[in-house]
Amino acid sequence: KQEVTQIPAALSVPEGENLVLNCSFTDSAIYNLQWFRQDPGKGLTSLLLIQSSQREQTSGRLNASLDKSSGRSTLYIAASQPGDSATYLCAPNRDDKIIFGKGTRLHILP
Amino acid sequence: GAVVSQHPSWVICKSGTSVKIECRSLDFQATTMFWYRQFPKQSLMLMATSNEGSKATYEQGVEKDKFLINHASLTLSTLTVTSAHPEDSSFYICSASGQSGYEQYFGPGTRLTVT
Chain A
201 KQEVTQIPAA
211 LSVPEGENLV
221 LNCSFTDSAI
231 YNLQWFRQDP
241 GKGLTSLLLI
251 QSSQREQTSG
261 RLNASLDKSS
271 GRSTLYIAAS
281 QPGDSATYLC
291 APNRDDKIIF
301 GKGTRLHILP
Chain B
2 GAVVSQHPSW
12 VICKSGTSVK
22 IECRSLDFQA
32 TTMFWYRQFP
42 KQSLMLMATS
52 NEGSKATYEQ
62 GVEKDKFLIN
72 HASLTLSTLT
82 VTSAHPEDSS
92 FYICSASGQS
102 GYEQYFGPGT
112 RLTVT
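Same order as they appear, the protein sequences are chains A and B.
Under the working numbering, the first residue of the first sequence is numbered 201, with each subsequent residue one higher.
Under the working numbering, the first residue of the second sequence is numbered 2, with each subsequent residue one higher.
With the rest of the complex left out, here is chain A:
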C-alpha cells in the first residue's frame, strides 16, 4: 500500500526566500506524480505533473524533481511571495490511484 510522507508539515518563511518541499513515497512503480496547492476551504490547483520517465518539470517559479527509484520528489519555489501561502500536496499516481500526502502548510510572511 502506497504511503506518502511530506516534510515539513508546516513552514513559515519571509517573503523572497527560496524553499524546498519534500515528498517521499513507498511504492516507486508510479505512472506519474503531481504537485497541487490547496487554499483553505477550496479545491485543488494542479501545479506540476512529472511523468515517471521524467526527472523534473518547471513552471514559472516552481520546479519539481522526481527520483522514482528512491521514491522521492521535491518542489522548489523560488522567490516566494505571500500569494504562495497554501497547503502543498504531493500525489503519486500508481495504477491510476492517487494517494495524497498530508501536505505542507506554507505561510509566506510579508
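None of these hints come from the bench; they were simulated from the model.
Be careful, since some hints might not be right.
Stated by the list, open to error - Which chain A residues stay away from chain B? Per the calculated CB distances, all over 12 Å, these:
#	residue
1	Gly-216
2	Ser-224
3	Asp-267
4	Ser-270
5	Gly-271
To be verified - Computed list of lysine to any residue pairs in SDA-like fashion (alpha-carbon distance at most 20 Å, straight line):
#	chain 1	residue 1	chain 2	residue 2
6	A	Lys-201	B	Gly-62
7	A	Lys-242	B	Asp-89
8	A	Lys-268	A	Asp-296
9	B	Lys-21	B	Lys-67
10	B	Lys-56	A	Asp-296
11	A	Lys-268	A	Lys-297
12	A	Lys-268	B	Glu-104
13	A	Lys-297	B	Asn-52
14	A	Lys-297	B	Thr-58
15	A	Lys-242	A	Asp-296
16	A	Lys-297	B	Tyr-59
17	B	Lys-67	B	Met-46
18	A	Lys-297	B	Glu-53
19	A	Lys-302	B	Glu-53
20	A	Lys-297	B	Thr-32
Unchecked claim - Pair ranges (Cβ atoms, derived):
#	chain 1	residue 1	chain 2	residue 2	range
21	B	Thr-18	A	His-307	20 to 28 Å
22	B	Pro-109	A	Ala-210	23 to 31 Å
23	A	Asp-267	B	Glu-23	37 to 45 Å
24	B	Gly-17	A	Ala-229	41 to 49 Å
25	B	Lys-42	A	Arg-261	25 to 33 Å
Here the structure is a predicted model, which is why all the values come from computation and not from measurement.
For every residue, glycine included, the Cβ atom is placed at its ideal position computed from N, Cα and C.
Keeping the supplied structure of chain A fixed, place chain B upon it in accordance with the hints.
Same frame as chain A, but now just chain B:
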C-alpha cells in the same frame, strides 16, 4: 487544460436524507472518474474508482451501500450519499482521467454539511 465541474458546490441537508453530487468532464471523455473525501485538516482520501458503464470499485472501509456511485456516461459520474449523518459532513472532490496513466483533472469540490 481539461475542465471538471461539480454540482452543487455546497449543500446542507438534514440527517437521514440523501444527497446527490454530480461530477462532469466538460471538454473530454472521462473513461475513469474518482471520488475523494477530505475531512477538516486532513488530506484527501480516495473513496472509489468508477469506470463508465461498470460498477465502482470502493476502497477499504467505504460503504458501497451508503455511497452510491453511478458513471452512466463518459462525461458524468454521480455520488449519492444515502441516509446522510452528521459524520458524513465533509468536502467531496471528484477527478477524471481520459486514459489510464494520464493526468487526473480535479473538480472544485462539494462541501456537504449534514445537520
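Checklist entry - Which hints, by number, does the structure contradict? => result When the structure is compared with the hints, numbers 15, 19, 21 turn out to be violated.
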